[in-house]
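Working from the sequences, and respecting the hints, build out all of it.
2 protein chains.
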Amino acid sequence: MGTTTGAASTADPAARRKAGRPRGELLNRPKIARAALRLVGDRGYDALTMSALAKALGVSASALYNHVESKQEVLQLVQDQVMDEVDCSGFATLPLQDAIRRWAASYRDVFARHAPLVPVIAVLQVSGSPRTLRMYEEVAAGFARAGWETSRIIPAIVALESFIFGSALDAVAPQDIFDVGPLADEVPAFSTAVDSQRATGKDPAQDAFGYGLEALLRGLPAGPGSA
Amino acid sequence: MGTTTGAASTADPAARRKAGRPRGELLNRPKIARAALRLVGDRGYDALTMSALAKALGVSASALYNHVESKQEVLQLVQDQVMDEVDCSGFATLPLQDAIRRWAASYRDVFARHAPLVPVIAVLQVSGSPRTLRMYEEVAAGFARAGWETSRIIPAIVALESFIFGSALDAVAPQDIFDVGPLADEVPAFSTAVDSQRATGKDPAQDAFGYGLEALLRGLPAGPGSA
Chain H
835 MGTTTGAAST ADPAARRKAG RPRGELLNRP KIARAALRLV GDRGYDALTM SALAKALGVS
895 ASALYNHVES KQEVLQLVQD QVMDEVDCSG FATLPLQDAI RRWAASYRDV FARHAPLVPV
955 IAVLQVSGSP RTLRMYEEVA AGFARAGWET SRIIPAIVAL ESFIFGSALD AVAPQDIFDV
1015 GPLADEVPAF STAVDSQRAT GKDPAQDAFG YGLEALLRGL PAGPGSA
Chain B
835 MGTTTGAAST ADPAARRKAG RPRGELLNRP KIARAALRLV GDRGYDALTM SALAKALGVS
895 ASALYNHVES KQEVLQLVQD QVMDEVDCSG FATLPLQDAI RRWAASYRDV FARHAPLVPV
955 IAVLQVSGSP RTLRMYEEVA AGFARAGWET SRIIPAIVAL ESFIFGSALD AVAPQDIFDV
1015 GPLADEVPAF STAVDSQRAT GKDPAQDAFG YGLEALLRGL PAGPGSA
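Protein chains in written order, with the working numbering: chain H, 835 to 1061; chain B, 835 to 1061.
Simulated from the structure, these hints should not be mistaken for laboratory data. Where hints are given, some of them may not hold.
Which copy is meant is left open, so a pair is good if it fits within one copy or across any two.
The calculated lysine to any residue pairs, modelled on SDA-like cross-linking and capped at a C-alpha distance of 20 Å, are [what the hints assert, rightly or not]:
| no. | residue 1 | residue 2 |
| --- | --- | --- |
| 1 | Lys1036 | Trp982 |
| 2 | Lys865 | Ala897 |
| 3 | Lys905 | Pro1008 |
| 4 | Lys1036 | Val957 |
| 5 | Lys905 | Asp880 |
| 6 | Lys905 | Arg863 |
| 7 | Lys905 | Tyr879 |
Set out below in structure tokens:
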């Protein structure tokens, strides 16, 4: 995880007021986002309630509500915190396909580390999350500069994200997810396929991600009208 | 969206037998699977505990344990119940690409109806789920008959599934997930792209799914060595 953004806390008047006081004070939005992220990571998404979050921060619920209005707002802070880890630097400098490769690999890794958030962030509105919006701007501008047909930019981004979110979940699946067990004889084609992939020695999740991403990159530029 | 396969429940002899009897009687594994599925649908995945499941079924925990050993076993029943709704009939009869289209559309629809299960089933082992294994056998056999290189069958299936799971989550996202709100001026390329997709009049999730699936279908058959 990233380092603490001390600068942000001193910019927060509420935090300045309480400088030097014991733990639980110096509350600010980045600190709230990080605590929420830890809570979800440790105890799952359903454990993220405003009261549990206040407790994890060592503050009262009312102190927490001084900084965020609702759980929805906490989620948008969390989204911004997580999306900020995704590397979209390539879109400004690399050919589009290479930029997508860098972004997709980073995006998948970030959400593999935050897998319980996949089903939450996949359906979360972006409007309240400025850093998330900035990521989408960089990606969309990269597609536009590459001459992509404008109405196909969002479908392309969403299709890539769907693949990335699913791949992030697959990255945290047990290695033996496709062990067929005692029924191997009943599913010969599947068993053979599983054994044959294993014989390549490649990590199955990484193999599927690379194979699928290259397929999308080859297939997508054929453009609109295909759906 | 595909239609619900209501036939599955009436075709279940156990379900027919107990029509009209009081709830809690004639406990069996399909009934346990359906109750678990309802519980997750109504109250989220974390609500699925053995005691909550027993309560939902109107039986004691010990009665439930007479039929299933653990929550893990319940999950495998649930996986079998859900995967059984996925239409993989095309693999025996249609050209591979058409079979994949039918299967993927059905698979996405089924998991859009059971979205809280996406992160659970995406990482669940298949060995204890005979109907799930049968689905994989039909799919793998379809790829094998089409001459797919054996070691690339599993990566292709997993890549498609990752895309399908992500698309199922996207299908339940709010329509306005990409509304940029007051920051529109700061993200001009993204705003333009969102408006341009909207102007097509196509449902955004369906548009992205169709676009991405056709891209995968075009890109995948280029085969191995690309990752």
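Verification of the hints:
Only between protomers do Lys1036 and Trp982 lie at most 20 Å apart by alpha-carbon distance; the minimum there is 18 Å, versus 34 Å within a single protomer. Taking identical chains as interchangeable, the C-alpha atoms of Lys865 and Ala897 lie at most 20 Å apart only when both belong to the same chain, with a minimum of 13 Å there against 47 Å between chains. For the homomeric pair Lys905 and Pro1008, the shortest alpha-carbon distance between copies (17 Å) is at most 20 Å, but the shortest distance inside one copy (31 Å) is not. For the homomeric pair Lys1036 and Val957, the shortest alpha-carbon distance between copies (19 Å) is at most 20 Å, but the shortest distance inside one copy (32 Å) is not.
In the homo-oligomer, the alpha carbons of Lys905 and Asp880 lie at most 20 Å apart both inside one protomer (12 Å) and across protomers (18 Å), since each shortest distance falls under that limit. Taking the shortest alpha-carbon separations for Lys905 and Arg863, only the intra-copy value of 13 Å comes in at or below 20 Å, while the best inter-copy value is 38 Å. Taking the shortest alpha-carbon separations for Lys905 and Tyr879, both the intra-copy value of 12 Å and the inter-copy value of 19 Å come in at or below 20 Å.
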